[in-house]
Amino acid sequence: MSAVIAARSEPKIQTPFSIFVRRFRKSGPGKLGAVLTVIFIALALLAPVLKPYDASMDANLQIKLQAPSWQHIMGTDDLGRDIATRVWHGAGISLRVGVVSVTLALVVGSFVGFIAGFLGGWFDIFIGWITDLMLAFPGTLLAIGIVAISPKPSLENTLLAISIVQIPIYIRLARGAVIGLRDLEYVQAANALGASNLRILFRHLVPNALTPLLVQGTLSIATATLETAALGFLGLGAQPPTPEWGTMIADAFRGAYWDSAPWTTVFPGLAILFSVVGYNLLGDGLRDVLDPRAVN
Amino acid sequence: MRTDVFKPFRFPRANMLETITKEFILGAYFLRRLLGLLPVLLGVSLLVFAFVRAIPGDPARVMLGERATEESVKRIRADLGLDKPITEQYVKYMGNLLTGNLGTSIFSQIPIADDLRRRFPATLELSIAAMLFAVMIGVPLGVLAAVRRNTGVDNATMALALVGVSMPVFWLGMILKFIFSIQTKIFPPSARISDLLTFTFVPITNMLVLDGILRVNPAIVWDALLHLVMPAVALGTIPMAIIARMTRASMVEVLSQDYVRTARAKGLVQRTVIWKHALRNAMLPVITVIGLSFGTLLSGAVLTETIFAWSGIGSWIYEGIFQRDYPVVQSGVLLVSLIFVLVNLIVDLSYAAFDPRIQYR
Numbered sequence: 001m002s003a004v005i006a007a008r009s010e011p012k013i014q015t016p017f018s019i020f021v022r023r024f025r026k027s028g029p030g031k032l033g034a035v036l037t038v039i040f041i042a043l044a045l046l047a048p049v050l051k052p053y054d055a056s057m058d059a060n061l062q063i064k065l066q067a068p069s070w071q072h073i074m075g076t077d078d079l080g081r082d083i084a085t086r087v088w089h090g091a092g093i094s095l096r097v098g099v100v101s102v103t104l105a106l107v108v109g110s111f112v113g114f115i116a117g118f119l120g121g122w123f124d125i126f127i128g129w130i131t132d133l134m135l136a137f138p139g140t141l142l143a144i145g146i147v148a149i150s151p152k153p154s155l156e157n158t159l160l161a162i163s164i165v166q167i168p169i170y171i172r173l174a175r176g177a178v179i180g181l182r183d184l185e186y187v188q189a190a191n192a193l194g195a196s197n198l199r200i201l202f203r204h205l206v207p208n209a210l211t212p213l214l215v216q217g218t219l220s221i222a223t224a225t226l227e228t229a230a231l232g233f234l235g236l237g238a239q240p241p242t243p244e245w246g247t248m249i250a251d252a253f254r255g256a257y258w259d260s261a262p263w264t265t266v267f268p269g270l271a272i273l274f275s276v277v278g279y280n281l282l283g284d285g286l287r288d289v290l291d292p293r294a295v296n
Numbered sequence: 001m002r003t004d005v006f007k008p009f010r011f012p013r014a015n016m017l018e019t020i021t022k023e024f025i026l027g028a029y030f031l032r033r034l035l036g037l038l039p040v041l042l043g044v045s046l047l048v049f050a051f052v053r054a055i056p057g058d059p060a061r062v063m064l065g066e067r068a069t070e071e072s073v074k075r076i077r078a079d080l081g082l083d084k085p086i087t088e089q090y091v092k093y094m095g096n097l098l099t100g101n102l103g104t105s106i107f108s109q110i111p112i113a114d115d116l117r118r119r120f121p122a123t124l125e126l127s128i129a130a131m132l133f134a135v136m137i138g139v140p141l142g143v144l145a146a147v148r149r150n151t152g153v154d155n156a157t158m159a160l161a162l163v164g165v166s167m168p169v170f171w172l173g174m175i176l177k178f179i180f181s182i183q184t185k186i187f188p189p190s191a192r193i194s195d196l197l198t199f200t201f202v203p204i205t206n207m208l209v210l211d212g213i214l215r216v217n218p219a220i221v222w223d224a225l226l227h228l229v230m231p232a233v234a235l236g237t238i239p240m241a242i243i244a245r246m247t248r249a250s251m252v253e254v255l256s257q258d259y260v261r262t263a264r265a266k267g268l269v270q271r272t273v274i275w276k277h278a279l280r281n282a283m284l285p286v287i288t289v290i291g292l293s294f295g296t297l298l299s300g301a302v303l304t305e306t307i308f309a310w311s312g313i314g315s316w317i318y319e320g321i322f323q324r325d326y327p328v329v330q331s332g333v334l335l336v337s338l339i340f341v342l343v344n345l346i347v348d349l350s351y352a353a354f355d356p357r358i359q360y361r
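Heads up: the sequence lines are chains A and B, in that order.
The first sequence runs contiguously to residue 296 in this note's numbering.
The second sequence runs contiguously to residue 361 in this note's numbering.
Please note: incorrect hints may appear among the correct ones.
[As the list claims (entries may be wrong)] Only pairs whose alpha carbons sit at most 20 Å apart, straight line, appear in this in silico EDC-like list of lysine to aspartate or glutamate:
#1 B:K92 to B:E66
#2 B:K74 to B:D58
#3 B:K185 to A:D259
#4 A:K31 to B:D154
#5 A:K152 to B:D58
#6 A:K31 to A:D288
#7 B:K84 to B:D58
#8 A:K26 to A:D288
#9 A:K152 to B:E66
#10 B:K84 to B:E66
#11 B:K84 to B:E71
#12 A:K152 to A:D132
#13 A:K152 to B:E319
#14 A:K26 to B:E70
#15 A:K64 to A:D259
#16 B:K185 to B:D195
#17 B:K92 to B:E70
#18 B:K92 to B:D79
By construction, these hints were calculated from the structure, which means they are not laboratory data.
Take these sequences, add in the hints, and give me the full structure.
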């Protein structure tokens, strides 16, 4: 009998995940952002499989700088390459840089922040000084600086630079979260039960401090995408013929054909804009759902 | 007369003492915050110094070109002091910095101070214009969205703000340039002032709009303003969007508070309640965001100045990196981060002015 009841009531059990899903479905911006993001991920994943034209190699000077047509829906660039294909392949590059750089920053930054907040003392002070120092530079400028000292501009260095720039944000967030939780009763209880410091930190503190970090992570992908494009545009990021969006716009700008052939600039820019709007919406949605204190 | 009778007696000096104590605490707090900046600024100078030296490539080589002999490169390196040990270079550099000697540009041989006098006002002018645009559009948009919460107006405004935060600055600049100067020729495409006017006009502060006003030269003011519009809009769009979002969030919270309801119940006009009672209290987080946006402005200046050929600090640093111009990059980045740090401090301190509840100890 009791087994039957248990079986019946099972679907009604609310796991944190099911609560999350239910709340998320009510968040309009979140859903739209999720859809946009999924579209971009799908485009990025499909790019290597389906390719009407090769993104960086299919040059054909006979059809250079053609306006959008049925064959080339976004037109062609100065080497006669299909812009739609390039923009499409750019989705993968942008997504990879965004996700990898943010993940790296999130893992490293949060780890350092957790430790600093938990240990306190001189280590905390030292880390505080380092974060203050890094935050004393406007983000893009610091990224430019880091890229400038790398032997030669490349996508990998862009990724690393953008990641480093974001680390202090996560250090602060993680440190703040741990300090806020450190003195709560349940942590004291764990301590009284003889749990080791490591266990308290990773088993009791970290899981409860993750939410703001994940929300920030989604929003950071937006920033990272914009910064990748900015560095690419300045000639400090991905190099031609890589179909990176910022680099494509830079090609058009420096090649001085952007004003006579605006489609070479408009479409990569729209791609940046739409993907960043998607990440921002998704991040906003996650924040609404995960942070009950957020006002809407 | 009667009011005087009922006024509770108060020893006049007690009040004064209270003021003095408060000011003293505030002053001590200011001082401590200023002192707290020192280790950060020291670290920044060290970091910038190390960074600039880590940029691959030899400035002496860049200066003389590929075909220079080993000997002349060596001589130039000695002239620039680059052959000394790195610690000695840093000490010399800090000494020069503290005595106000910024050195000369390796590439153009122009004293850094001269370049700064010319370029810094340009960036300042651009940033101020961008910030004016951001605040004057962003705050009303945010208030509008908060007042018409959950309506079409709110959604449209916030959608606009979202697009604004997601905008690649350089792309926006190019689109603006394409529409407003290449297609319709409303605004000049680049530079700070028309070439023709540069020959006859002697600037004072190098903030050209201000100079035009000071010299009572309407033609200059108009010309400089026309040049300023597009870069300022491009640069100000992201801060505008951030400010709009923050104002909305903050206003929504304030509008739900009891004192706002009281103000309404008293029969005050909607306009007074919103702009006088609510907005004043909603501005605190907005001010934080305005201050923090300065960082975005200074970073964005590198991109905007490149697009619009605006000869400010941003394009100066950018060119400096490519030319391995150590003194230029050092001074530029130091200046930018100094401003950034100071603005953040001012934001913190301005809380006292806007929120008397905050206590400083």
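Now for the hints, and whether the structure bears them out:
no., hint, in the structure
1, B:K92 to B:E66, "29 Å, violated"
2, B:K74 to B:D58, "11 Å, holds"
3, B:K185 to A:D259, "13 Å, holds"
4, A:K31 to B:D154, "18 Å, holds"
5, A:K152 to B:D58, "14 Å, holds"
6, A:K31 to A:D288, "12 Å, holds"
7, B:K84 to B:D58, "14 Å, holds"
8, A:K26 to A:D288, "10 Å, holds"
9, A:K152 to B:E66, "18 Å, holds"
10, B:K84 to B:E66, "23 Å, violated"
11, B:K84 to B:E71, "17 Å, holds"
12, A:K152 to A:D132, "28 Å, violated"
13, A:K152 to B:E319, "16 Å, holds"
14, A:K26 to B:E70, "70 Å, violated"
15, A:K64 to A:D259, "15 Å, holds"
16, B:K185 to B:D195, "17 Å, holds"
17, B:K92 to B:E70, "26 Å, violated"
18, B:K92 to B:D79, "14 Å, holds"
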